[in-house]
Every structure is written in C-alpha cells, then in structure tokens.
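Asker: Each chain, letter by letter, is given below.
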Amino acid sequence: MSEQTPGNHNQNGEGAGAGTMKPGYHNTDGQGIAGHGSFFQATDLSKEDAIKATDWVRKHVDRRTVDLGDRMDDVREHMYELEKDGQIIIHRIEDQHEPMSVKTLFGWDKKVPTKQLWHHKSCGQCGNIPGYPTSLLWFMNKFGFEPGKDYLDETDQTSCTAWNYHGSGIGNVESLAAVFLRNFHQAYVSGKQHGHELGHFYPLVHCGTSFGNYKEIRKYLVESAELREKVTKILGKLGRLVDGKLVIPEEVIHYSEWVHVMRNRIASELQTIDVSNIRTTAHVACHYYKMVHEDAVYDPSVLGGNRTAIITSTAQALGAQVIDYSTWYDCCGFGFRHIISEREFTRSFTMDRKIRVAREEANADVMLANDTGCVTTMDKNQWIGKAHNQNFQIPIMAEVQFAALACGADPFKIVQLQWHASPCEDLVEKMGISWDEAKKTFQEYLKEVEAGNIEYLYNPELAYGGKV
Amino acid sequence: MQQIFDDIRGDFRYDHELNGCLNCGICTATCPSAQFYDYSPREIVQLLWTENVEQIYDAMQEKIWACAQCMTCAARCPFKNSPGGLVAIMREVAIKHEMQSAKDVLRPFGRVMLKLITTGNQLSPDMIQPDHFPDWGPNIQKVEGDLRILRKAIPVKTLQTVETAWEVSLKTSVEMYTIWEMTGVLKSLELMDENLFDVIEDFIDEKREDYEDWLEEQEEEDDE
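If you read the protein sequences in the order shown, they are chains V and W. Position one of the first sequence corresponds to residue 0 (numbering that gives the first Met the number 0), numbered consecutively onward. Position one of the second sequence corresponds to residue 0 (numbering that gives the first Met the number 0), numbered consecutively onward.
Misleading hints may appear alongside valid ones.
Okay, derived cross-link-like pairs now, DSS-like style, lysine-lysine, Cα gap no bigger than 27 Å in a straight line [stated by the list, open to error]: (1) V:K439 / W:K141; (2) W:K151 / V:K438; (3) W:K151 / V:K244; (4) W:K102 / V:K232; (5) W:K151 / V:K439; (6) V:K229 / W:K206; (7) V:K102 / W:K141.
Keep in mind the hints are simulated off the structure, nothing from the lab.
Could you build the full structure based on these sequences and the hints that come with them?
Answerer: Here is the structure:
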C-alpha cells in the first residue's frame, strides 16, 4: 500500500528535493516533468520545509476551508434585484414543492424541492446508463408521487449541450444561455397542459455537466445585461418569454441533491436489504462540486464536512460502510473530448487514479458516482486494463441505483445493470440478490416486450403531453 | 497573432477567469492532463498574464486541447483563477480563427457534434456499440437481445429510443436549430468542417419541412 494514504500524506517528506522521488512517481531526475513547462525548476526544499508546505496544502486545500469573504457574491441576491427591477421572472421554489433546506460549501442555505419535479434528463445517462433515471422515477413512485402531478417526464427538452462545448469549443456562452433558458422556460410552463399553474413543476437536473454549466451560465446572465439582451431576442423568437421577460430558476438542483435530502426516508421507509457488509467508495462529479463550488452541498456529519455530502450521505444512511481513499479529489478522466478521441488518456487515468486506488486502498465492493461521464468512464474502461496487466475491477453505478437495489428494485428491470460493463454481479450477490434468477426473469420479460407487453413506471402518454 | 490574443482578452469572461497568479502550482499539481501531456494550467495562466503573444499562439496549436475541462484547477486556485475557463475561451478563439489544430483535433468528435446539432441529444444507444468502442470489451450489454428490444424494456417511455438518448419532440429540435443559427454555432461548425456542416444543414432543412408539414396537419385536424 502507498504511503500516501488518507491522513498520512507523505509525512516523512519523501520526494522533497531533486532526484529523491521514487520510481513510479514523477520527477526522478529533478529536471522538471511533462506538464510543468521548460521554465520549471525544482525547489530544493529541505525535508522539514517540504513537510511545512505539505501541511499548508493539507490544511487549506485537501481539507475544506470555508471562505465567507466578501469577494464571492451570492448570485441569488442579484437575481432578486433584477426581478424587482422588472427585468426577469424567477422560477421560485414554493411551499408546494415541499423543499428541504441544506447548507452549501459557503454556508449558504439552499432549498431542495422534493415534489412537483420536471425531470431534466441527461443525454449520457439516458443513452448509456438508463438505470439512473429509471431508479429515480421508481423511487418517486415508491413514495406515492403521482406522475403528471408530482413529477413530469416529457420529450420537450434538449441536452444542455455543454458536453459538446467543453469537448470541442463549438458553441458559446450565448448558445449555452439560450439552451438553458429554453429548457427552463419549458419546465416553468410544462404544467399548463396538465391543468396546473405556471411554475408548478420545478426542474430537477439529472446530469452533473448540465448542473455545473447551468449555474455558470446563470451567473453570466445575471451579471451581463448585454448577454441578457442578446438571448432575450432569441427566446422572444422562440416564443419562450413570459410577459416579455426571461425566466431564471431560483436554484439549480441536481438529482443527487434530491437523493441526499430524501436519504433518511429512503432508508427508513423503503430499504429492505441490509448493506452493512458492503464497502462503498464515492466519486463525485467534478462539475457537481468544482464548478460554481460555493453552491455544492456539504454537511459536517459527512466525512467531517471535508467532502461534498452527496453520495456519501446516501451510502451512510443506508448503513453501508463508507471508505475514503486518497484520490477522492481526482476527476474520472472523462475529459469530454478525451473519451471519444483521446481514449488512452481516459482509460489510463481512470485505471491508475481511480479504479486501482479504490481497489487497493479501499478494497471497495462498489464505487458510487453521480454523473453520466464519470460512470461511463470508470465503468467501461476496466476491461482493456488487462492488456497492461491492470486486473483491477470494481462495479460502478450511481448512488440512486445502489439505493434502489437496497430497496428491493429489480437489478435488470429497474436498475438496468445490464448496460454496465463493470462486474456488478458479485456486488448484487453480496447484497443477497440472485443475479442469475433476476437475469432469467428478465430474459423471459424480453420475450413479453417483443410481443408488445411492456411495463411502464407511468402512463406513457404523459411523455407526449397526454393526460393522466 | 495579436488579434488572437485580443480576441481572448476581449471575451467578457476573461476578467472572471484571470486575476493574477502566485505561481504556486496547485492547479498543475492536481491537473489530470498535466500527468499525461505536456500541458500545465499554470503555464496557461502565466502565458496570458504575461501577454506573451507568440507563446500563447503556440499553446493554442496543441496544448489547450489537452485540458479535460474538469475545472479542478479553478476549484483549487487561491487567486480564483480558472485556467480551464481560459482554455474554453482559447478554444473558441482557435475555432474563430480557423486554426488547423482545432480542425485536426475535432475531426474525431464529428459524430457527437452531428448527433447534438441535429437532435439536441449528444449520445445515443446506437453509438455505444462494440464496433465503436472495441476497447470497452464484450460486455457492453450483459444480456442477450437486440438493442431495440433492450431499449423497449426500459420502463420509461421517453427512453425507448435507439437513435437518440431520449425521444425529442420535433418542435424542440426545430427550436434548437434557431438557437444554433442565431448564436453563430453553425457558422463555427462551417469553419471547422465544411462537409459535416453540409450534412447537418441538409438534415436541418428536412426536419424543418417535417415540422411545417406537421403544423399544417394539426391545423387541418383542428378545422375538421
């Protein structure tokens, strides 16, 4: 096991000074490494000074420090001012949405609506890991939510388009803003065709990339009158203004925040399977808690508040073992463009920095994530590791899928694990569910599907605007 | 070259993303791409901060495409810089100036762009097949059954599709096309890949006609 385990970060100062790093680490000759540029020079710190420097990093960077300085404005305050000036309409979270309050990194209160939700789907999840949205809808049904009243899933929405933007640079702030406002306008008016008031449904964003992108774009919209003017023209042409104004949501809510606030109800009302023998590790999407990081949810009862609370909090509530690991802060290696066209980067990074570490340090039974890119990257890239004698494997899924399993959901029909390339079978068996039985039942069900006898979580007509 | 730098600096996000640099290197220390490429977020910040136009141009030839856009650098920076955000601006400017690096790098990304711009989705089940990702191994689907039937077995109506991640209404797609046109996205695409642009334009024309036909049908139904 590496010396660089949590709580024991390189305490002997090894690696300080030129030429002292061990093989396997970089900088073996002290002459600079790829990535530092030609001007890089080794610091030649003494061991003591290196420890001091590392301590500073540990205190201020590795661990959470709350920065409540004046430099960071609360974007919501500016939104309220713009609304008062008659410039925008805020889609508010009202009592009817039955919100629960959480704290964010900066200590701000954030309201998380629990009901009347408009499912803003993720193109990656739906196309690739459909067990995310199905598990989420399954939970809503389990809580007695009425489709068409307490939640809505419809076809009138696009992806946020940010994957393409971050991958290719094709797109711009104006296009991202127009897409954001178009989709959220649709969420605002979507209840009308079902006989509800404007704002009845509140958007619940499934994708980490969308979540980060929308918050960043909202900030630019609030700050820039020029941008607002430009997109107002576009939204006007689309017929997507309300009283001539842009509609902007009070909060941008990620699905894992919904799971976070519902975790205790999930555990106390719905859980049927004891998961105390399951070792879980968490990987939180970068665009969840690094982009617009002041807004990410933290809770002092979750790993001392040094990690964002979501995912881990759910594993805790379900009673699973939560195991921390040293590369928790690393991204998965998705890289937007990289997973398509620089796959050697993506698979090397995910194998070296995530899968191997979760396996060797944490001996994890499962890695839980909350974003399509992360699950795809870590799930799909394990097989090729064998080519380099990297025989590290670990099941990867979203926390909502794991929670659904713990609550007795069918691993195939609901949790849709048949789309995962990682080895989910052992985990399912360890939870006391028979993979083989479930697979047999599902194969039988596929024959029914072929015959047109399809099971739905809600009335399919609702997807096209039909009545309940 | 000066124009390229001026365009970067002229982006309204520039002042958000660059506030000075202590050269502490936290950004590079935690950057995934820095571990694999000759790429350093610190270098990007330093180049822009010191306004070395030639080196900025050189960095745009290759280095900026290494960034994984994870924004770890931005979350860590004590000065609240965002090297990843600066890279996003530089990529847009590289496209605007038709830099060859952008054309080369983005060619393999064409399929995703085609899907996105024409359907408003980015990833579809028919793209996640062993032929396209042989390195993902044989277990892309763990059960037997063709893709169409497996998708029909998802108990959510909007997801029972193969060519898009979820079923997207025609109206939605047509609204997207208006956004692409009015915000210059199609123009950018034309600069990067004229053939792809032509394919997309034909597709858009066809979909718009379908939508017009549908609207007419609706009107006729209403009249009856």
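Asker: With reference to the structure, classify each hint as holding or not holding.
Answerer: Hints versus structure:
1. V:K439 / W:K141: holds (12 Å)
2. W:K151 / V:K438: Cα-Cα ~16 Å, so holds.
3. W:K151 / V:K244: Not OK: K151 (chain W) and K244 (chain V) at ~40 Å, beyond 27 Å, violated.
4. W:K102 / V:K232: Violated. K102 (chain W) to K232 (chain V) sits at ~31 Å, over the 27 Å cutoff.
5. W:K151 / V:K439: holds (17 Å)
6. V:K229 / W:K206: Cα-Cα ~26 Å, so holds.
7. V:K102 / W:K141: Status violated; Cα separation ~40 Å.
In terms of the numbered hints stated before, the structure departs from hints 3, 4, 7, listed from lowest to highest.
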